[in-house]
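There are 6 protein chains.
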Amino acid sequence: MPIVTVQVTREGSAPGRNSVTAEEKAAIIKGVSEVLLNVLNKPLESTYVVIEEVDLDNWGWGGLPTAQYRQQRAAETKS
Amino acid sequence: MPIVTVQVTREGSAPGRNSVTAEEKAAIIKGVSEVLLNVLNKPLESTYVVIEEVDLDNWGWGGLPTAQYRQQRAAETKS
Amino acid sequence: MPIVTVQVTREGSAPGRNSVTAEEKAAIIKGVSEVLLNVLNKPLESTYVVIEEVDLDNWGWGGLPTAQYRQQRAAETKS
Amino acid sequence: MPIVTVQVTREGSAPGRNSVTAEEKAAIIKGVSEVLLNVLNKPLESTYVVIEEVDLDNWGWGGLPTAQYRQQRAAETKS
Amino acid sequence: MPIVTVQVTREGSAPGRNSVTAEEKAAIIKGVSEVLLNVLNKPLESTYVVIEEVDLDNWGWGGLPTAQYRQQRAAETKS
Amino acid sequence: MPIVTVQVTREGSAPGRNSVTAEEKAAIIKGVSEVLLNVLNKPLESTYVVIEEVDLDNWGWGGLPTAQYRQQRAAETKS
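Chains as they are written, first to last, in my numbering: chain L, 49 to 127; chain U, 49 to 127; chain H, 49 to 127; chain Z, 49 to 127; chain S, 49 to 127; chain R, 49 to 127.
Heads up, some of the hints might be wrong.
Where chains are identical, the list cannot tell them apart; a pair therefore holds if satisfied intra-copy or between any two copies.
Cut-off 25 Å, straight-line C-alpha distance, at most; resulting in silico cross-link-like pairs (SDA-like, lysine to any residue) [claimed, not checked]:
1. K78 to R65
2. K126 to A62
3. K126 to L104
4. K126 to A115
5. K78 to E100
6. K90 to R118
7. K90 to Q120
8. K126 to T53
9. K126 to A70
10. K126 to S61
11. K90 to G64
12. K126 to T69
13. K126 to P63
No lab work stands behind these hints: they were computed from the structure.
The task is simple: from the sequences and hints, build the whole structure.
Here it is as C-alpha cells:
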C-alpha cells in the first residue's frame, strides 16, 4: 500500500498553459502506480498518489525563488 | 510535541457541500489531538495538526484519478 | 481516502520504555481512523495511517534540540 | 541535496497583509538554503525549498483551530 | 524540478527478503523519474526521489496495524 | 507556528564521518528557527524542526541512486 507524493511547480508544460492539465495528472498517476506494480508487485488499488502543485514563488532553488534562479542560469549559459 | 498531518480530498461530506466545513475541520483537530493525549499523554498544546485538502484530480487511486476510480468501482459492483 | 501522518519523538511514554509500544501504535491508528470515520464518514478501510518516530536529536523546538529545550523550560519553571 | 519544507499559516506578518509576501518568501528561501550551506557544506544549487502556506482553519493547536487557540491564550493571559 | 516521495512498507517482495532491495529502489527511482520526464518534460537531473520505508507496525489500514488488517482480510476472503 | 522539515542524505560532512553530527543538527535547528524569527517574526518556541536523514540508496537524482549519479557526474566532468 504505497503512497506516492509528487510535488511539481504549478506551471504549464507548453506555451499558453499555466498549470498541469488533468490529462497530465492522470498520466502521472497511471505511470507511478504502474512503477510500484511492476517493481514491487503492489496492486494498483493499494496505491495512493497525491499531486501537489507548488506556486513558483513558493519553490526555491539555488537560494532563490525558482523564476529568478532560472533567469540567473539562463544568463550564465549565454555569457 | 506531535505533528499530525491529515490529507483528505477536497469534497463535501453531504450533498450540496463541496469542501470540508470549518466545523468538521475543528472536529478533526480536536479528535486527533485527543488521541495523542489519551494514548501517549501528549499535552494538547504541544500538538500541531495540519489539514491538507487535495483536489480530486490530484488524488490517484487504482492507477486513476479518484473520480474515475470510483466510477469504475461502482460499475463493477453493479455488474 | 484520507492519509494521516503522525510524527512523534522516539521515546517511551513511561519510565523504562524508550520508544512507542506496538500497543500504543495500534491505539493511535485506531483512534485517528475513527476520527475520520466519525467526522467525515470515511470508511476505515480507505484510511492509511503512517507513524513516523523521530529521534530526539532530530526534533527541534525553541531553536534547540528537544532535550535541551525541555531542560531550559524546566529550569525556567523552577526559578 | 537537501529538501527543506517550510509550513506556515497563511497570514500577514504586519497589519494590512493577509499572506506571506514574495519578498518574505525569497528571504526564507535564501536563509534556510544558507543554513544548509554553512552547516553541512551543501551547495546552494543542490537545495530545494518548498513553502506551504496553510489556512488558519486548517492548522490546529491545543486541540483547536489556531484562531480559537490564540483567543483562548490571550484570554488566559489577561485574566 | 519535481520531488517524488515514495512511502512503502519495509518488507520484502519475495519470500526470504525482509526489505526492499537496492535494485528495486534503483528501479523505482528510474521509473518515477522517467514518468516526470515523459509526461511533464522534466529533465531527469531536476527530479529528486525520496523512498521512505515504513515498518509494518507503523502503517495503519482499516483502523488496524497492517499485519492485522491483512490477516482480517484473508480470514474474510476464506469464509 | 511554523514546521520546518529538513531532509538530507545520511552521510558525513567530512572524511571519517558517516552521518550528520549532533552539533550539526543543533546548528540546523538554530539556523532555520532564526530565519523564521527574523523574516516572519515567529517566536522560536512556536517553531518545530524535524530533520529526516535519508539513506543514500533511498535518495534518487538524475534517475539514479545518488551515489551512482555522483559517479556519473564526476566521470563527465573529468572527460
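Verification of the hints:
1. K78 to R65: Close inside one copy (22 Å), not across copies (27 Å); limit 25 Å.
2. K126 to A62: For K126 and A62, the Cα distance is within 25 Å only inside one copy (23 Å; across copies 35 Å).
3. K126 to L104: within (23 Å within a copy, 34 Å between copies)
4. K126 to A115: within (17 Å within a copy, 31 Å between copies)
5. K78 to E100: Both: 16 Å inside a copy, 21 Å across copies.
6. K90 to R118: between (38 Å within a copy, 14 Å between copies)
7. K90 to Q120: between (42 Å within a copy, 19 Å between copies)
8. K126 to T53: neither (35 Å within a copy, 32 Å between copies)
9. K126 to A70: Classified as neither: same-chain Cα gap 35 Å, cross-chain 27 Å, threshold 25 Å.
10. K126 to S61: Within one copy only: 23 Å inside a chain, 34 Å across chains, cut-off 25 Å.
11. K90 to G64: This pair counts as between: shortest inter-copy Cα distance 18 Å, intra-copy 37 Å.
12. K126 to T69: neither (31 Å within a copy, 31 Å between copies)
13. K126 to P63: within (22 Å within a copy, 37 Å between copies)
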